[in-house]
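Asker: Model the placement of chains B and C on the given structure of chain A, informed by the hints.
So you can see what is in the structure, the chains are spelled out below.
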Amino acid sequence: MSAVSCSASLLPLLGGSATNASAAASYICQQFDTVSAQLSDTTFAVDNTYLLFSAYLVFAMQLGFAMLCAGSVRAKNTMNIMLTNVLDAAAGGLSYYLFGYAFAFGAPSNGFIGRHAFGLKDFPYQTAAGTTFDYSFFLYQWAFAIAAAGITSGSIAERTQFVAYLIYSSFLTGFVYPIVSHWFWSGDGWAGAARSDGNLLFGSGVIDFAGSGVVHMVGGIAGLWGALIEGPRIGRFDRSGRSVALRGHSASLVVLGTFLLWFGWYGFNPGSFLTILKSYGSRGAFYGQWSAVGRTAVTTTLAGCTAALTTLFGKRLLVGHWNVMDVCNGLLGGFAAITSGCAVVEPWAAIICGFVASWVLIGANKLAAIFKYDDPLEAAQLHGGCGAWGLIFTGLFAAKNLVREVYGPIPGSDAGRHYGLFMGGGGKLLAAQLIQILVIIGWVTATMAPLFYGLNKINLLRISSEDEMQGMDLTRHGGFAYVYHDDEEGSNLPTTFKLRKIEPTNTNTPTP
Amino acid sequence: MAASLSCSADQLAPLFGPNTTNAAAAADYICRQFSAVSDKFVDTGYAIDTTYLLFSAYLVFSMQLGFAMLCAGSVRAKNTMNIMLTNVLDAAAGGLFYYMFGFAFAFGSPSNGFIGRHFFGLKAVPSSSFDYSNFLYQWAFAIAAAGITSGSIAERTQFVAYLIYSSFLTGFVYPVVSHWFWSGDGWASATNTDNLLFGSGVIDFAGSGVVHMVGGIAGLWGAFIEGPRIGRFDRSGRSVALRGHSASLVVLGTFLLWFGWYGFNPGSFNKILVTYPDASGSYYGQWSAVGRTAVTTTLAGCTAALTTLFGKRILSGHWNVTDVCNGLLGGFAAITAGCSVVEPWAAVICGFVAALVLIGCNYLAEKVKYDDPLEAAQLHGGCGAWGVIFTALFATEKYVSEVYPDKPGRPYGLFMGGGGRLLGAHVIQILVIIGWVSATMGPLFYGLHKLNLLRISAEDEMAGMDLTRHGGFAYVYHDEEDSHKNGIPMGKIGPVGSS
Amino acid sequence: MAASLSCSADQLAPLFGPNTTNAAAAADYICRQFSAVSDKFVDTGYAIDTTYLLFSAYLVFSMQLGFAMLCAGSVRAKNTMNIMLTNVLDAAAGGLFYYMFGFAFAFGSPSNGFIGRHFFGLKAVPSSSFDYSNFLYQWAFAIAAAGITSGSIAERTQFVAYLIYSSFLTGFVYPVVSHWFWSGDGWASATNTDNLLFGSGVIDFAGSGVVHMVGGIAGLWGAFIEGPRIGRFDRSGRSVALRGHSASLVVLGTFLLWFGWYGFNPGSFNKILVTYPDASGSYYGQWSAVGRTAVTTTLAGCTAALTTLFGKRILSGHWNVTDVCNGLLGGFAAITAGCSVVEPWAAVICGFVAALVLIGCNYLAEKVKYDDPLEAAQLHGGCGAWGVIFTALFATEKYVSEVYPDKPGRPYGLFMGGGGRLLGAHVIQILVIIGWVSATMGPLFYGLHKLNLLRISAEDEMAGMDLTRHGGFAYVYHDEEDSHKNGIPMGKIGPVGSS
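Residue numbers (the UniProt record's numbering), protein chains in the order written: chain A, 1 to 512; chain B, 1 to 499; chain C, 1 to 499.
Source of the hints: derived by calculation from the structure; they are not laboratory data. Check each hint, because a few of them may be wrong.
Said to hold, decoys possible - Below, in silico cross-link-like pairs of lysine-lysine (DSSO-like), each with a Cα-Cα straight-line distance of 30 Å or less:
| # | chain 1 | residue 1 | chain 2 | residue 2 |
| --- | --- | --- | --- | --- |
| 1 | B | Lys367 | B | Lys450 |
| 2 | A | Lys400 | B | Lys123 |
| 3 | C | Lys271 | A | Lys278 |
| 4 | B | Lys271 | B | Lys407 |
| 5 | B | Lys123 | A | Lys278 |
| 6 | B | Lys271 | C | Lys123 |
Excised from the complex, chain A in its bound form (with noise of 0.2 Å):
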């Protein structure tokens, strides 16, 4: 802690003519000494705090995605899809604890990919650099790469076997997100713009702050290839190539999955600065890092309740009901755009960001529709589409002040940071962003789509239409996932017919 630094210079100043100068300059600077130490402590404890607990929030979004998928998806897989989510945290635990965490963040490495920690190995520990990796950090990262895992989940529900979804799921959070994230985020990534020698990728480095590209744009993609190798599910389209809608079976779990997701990502965009006591500047003011933080909520806020409410009018008008599930989609559209610029736009550009989100997520159901594709939660078009918005957003809006407290001075350099072209920061900062769009879609397409592809071809990847029809839930998971009537209890047979009927068949007549 530089602030508090007494040393041998007070002796002087105190001089010979005290009894003992020296004995007393020590002894005053032995208790400064202390109580520098001390304010380190402070700082740790408030820090790890403020990352653990968000790290516990950010854990709470894969309960938001399990309700969300097990209710988008019919109730005949609800089983399945609920055991992918139980599972993609679970298998994502320990293939990020052995290599994943190594790969994204082992630092000294070079740019590509990192090589130490493997198993956290002489964890914790700091760098000469003077960063510290403790393991609140590695829980926090792991969240992330969960959380990836569960966006691809979506895309290629209701017809895809679970040894596939095994595999697809250790090999991205193991693998594929976790070099994503060492570009750029580590601090040896040749892309991040916190890179820490300095050689930024032209002269500005990319902005994304807690994810849109590195978790959303990759999950997202990660799902297209999923979906678009194993095609729509059956019913889908139907002879005409018309849309017929599949309906999940329970809004209540879409809008409490949603829910959860929001309350988790207050813990993923303001959590993303990973400390919480930083002073910008001038010490002892008000304006800190912790300011910063909360503008980062509201940011995060304002974005998806612009999306949610543009939709909601938007959709009233293109198909003429309201729709819960349209608004909760575009509410996450929202947030996944605005996870890339969060810290560094002013609450307005969040606005903005949102209203263009929700239009995103619109345009790109449309062009899905158009091509045939399937996604049964809209993940592609929503994690991909609004995700790759997002960054552009970010590098059209990035206000100048806000990227300098943010990331602070360029290493080994004193040439101010880029930031948005709309503000007046020039087109370096959107080219660094737009490479970084090609860069993902390169990487994941070239990753993820072989090894759809293999599993494809060795049928691996879609179930037998029979499975398709009946539903995995009886074929694969050993039941149904909902026994809401009574008495038959324990008998083998399919249920199916027992099934009760729920809504209204007739049409009331009114009780008086």
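Answerer: Relative to chain A, chains B and C alone:
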């Protein structure tokens, strides 16, 4: 903050005296160190307080999820999509409106006692008094108020009416009330620096009045003007319970609200690193008061739940989980006003009475044929009002002076020997809130009613709004075969002509 | 905390010597500054630790929500209201009883090694050792123990029996156990200041034994005494699975428990701002140990889930999400004892074995026709006991001495070269917990059984308790008119003859 840690070179230098080689420089050197330390403490304080406030805000936000689940479970299945959409939109529309002007009306100081007038669109935020985290926290409160109201008018209200009242409530009605009682400029606030109402001001710590009564009374007018749901009272006027469709969602929602209330009540301190007078370095400070607030909140809710359990068992003859959930929430709504200034044992009393108040209000509502699907007006209005009174009776001298330190010798609870001035202020608060909300929301609902924008048609109501307005039913538990049989296209959405 | 920062004017003044104009005054001035700094550190420390503990307590509380959803999803639809009501009441009744005497029995020091005896009704709290936040945190633990038991006896127990055992468990049985192992006075506690059991004491950091085994064994006796549900084993004695009604609720509950476990295990440190010896100012301190604990917890659960997935696939032939959820929770229950003192790689072993223990226990339960709707006794009892053993095998020297610093040179895990004394203490713990819970809860359940207060009638059980005792079915997905027509009574739930 740094008050006690003040090193002055001017004071220290003479102590070193002329014989020290460079007394002034030495003193200056030492004092600069101390001022660096002091600055670090300021930074640390901001970081801790912001962490505390932000996570509290996240918890309060999770109450919106709780409301959504509670409302969804408490209505009939055919209206689930509708009520959940309103809850999502309370949060979303509330976010924009509160950003644009709600926060400004509430806390835009300097201002008059009636309404704030700065910080529109978060201009000039952050400042030394308001940071972004304050905004986020207050926003979560504002949407909670709107969420309460949506419960009262569920199952029979047009969606457009929701949008209108919700924006109006979060953007104007609620912010003005919170300005009165919580802003430093508010005419009835206990933190008003000039002139306290009755020399006391209103102690509505986390908003039994400001949030719960506002939401409840707004709901009361809405539900009253549009009348009961079809079938709620039969021809002979007997009450017929229209049960919600899922007790699981009700319990889920209740527990989430309980969880969120730990942000609502203890979080209302806004700061946790505050030392109480003459106690720096001791174990007792605001952190302890925060913990106490969490405890009083818990105890009030627990007592109310148990009281309701046995009370209802005696009255109705069976154990009922949804009633217990409502009782629990009634206890929380009541303790919200006084949570920080009462002893834990008083919280038990608060919860006990709150449960009886709720049972009484429900009885009354049935008598006057008032229909509120979530009992929101009874619960948040009735128990909220009791909570305001309760605070004026049981606030202790010590806690009041610690939590509201600006003015020494404040009035406190009547039963604790603090005289009646606090009670006077609190009665005023109840009357003023009833008056203001009635004067704004009553005409609004009445106008919507006159324009036929408030209540849905009887056909829509019988069929359920989900089918007629929201593109379909919320649940599809059955498989394709069913709909093949009865041939009603709504139910059938699945693959007809599959390959 | 302030120990290392001690400025003494008596020491400093002679150093300035007589030539300084006023050496005593200068030294005093400087030292008063330092003592102000020291006080600020104390304040800051309390604020951080309380923030940490309170939010951990909120997370632990959210486990109650997780239990409620897990239980609700795991029982048949006809008993959903019943089981959810018990979960709400565990929390509510637990709140009152733990406030009145549970906390006093557990932590009321100074006391003897068997039971505490101060702090009844939170009298004399806050003190320098216990603040309100400690109470809240411990309350959340107590209700978790009761929540475990309620799962074992689900679907066939009278509601009154729930109320009785739940109050007794949270008010007496559990607090006494926690006093033994966690209080500084407890006879087997690792923090006992006089005399450690086997020179070691029991390291049950977050309560594999204290919480999970207590809940599990209490459930075992309850379920054992009242016997299996009707239809659980057919005439020929073959086991028939009675599936829960909603896998979605099971998964929701499991994830919420996972979420809450991050409060349960890392939160058990109680403080986060603690420096490890000779390491002030370094990046390594309790904050790092807290993170490590969260990581070991995660890894144990993840491994157990994967092991269960593949194990069950081999044994039963399909992938089963509810089994995976139970395996996951078994891993968490096992790592709870040692989470803070083992390396992450050891947690992987812990989870792997826990999954096998659970599968084994379930196999055994089927053999002896023991019926536990939530597998609570197997999961919390069996895996909890494994966790206690595991800790005694794998606790590392370094972490044990950091987390339990009072006594240097403590025994640690057998496999890590620390000898068998810790294992001895832990075997004692398992035996003592089994003995104590059996001696208290066994007679209680037996007595209730004899008085015909334990098990419901066969008619109630067939019809479902919701209809007979709780005023109706939990779900109404279809409209009233339907059931009128098809005449199936299940559908119709509304109170027909209500006032």
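Asker: Holds or violated: lysine 400 of chain A with lysine 123 of chain B, Cα cutoff 30 Å?
Answerer: Holds - the C-alpha atoms of lysine 123 of chain B and lysine 400 of chain A are around 18 Å apart, at most 30 Å.
Asker: Holds or violated: lysine 271 of chain B and lysine 407 of chain B, Cα atoms, limit 30 Å.
Answerer: holds, 19 Å
Asker: Please work out if lysine 367 of chain B and lysine 450 of chain B have their alpha carbons no farther apart than 30 Å.
Answerer: holds, 26 Å
Asker: Take a quick look at whether lysine 271 of chain B and lysine 123 of chain C sit within 30 Å of each other, Cα to Cα.
Answerer: holds, 26 Å
Asker: Please work out if lysine 271 of chain C and lysine 278 of chain A have their alpha carbons no farther apart than 30 Å.
Answerer: holds, 22 Å
Asker: For the pair supplied as a hint, lysine 123 of chain B and lysine 278 of chain A, is the alpha-carbon distance within the 30 Å limit?
Answerer: holds, 24 Å
Of the numbered hints given earlier, the model fails none.
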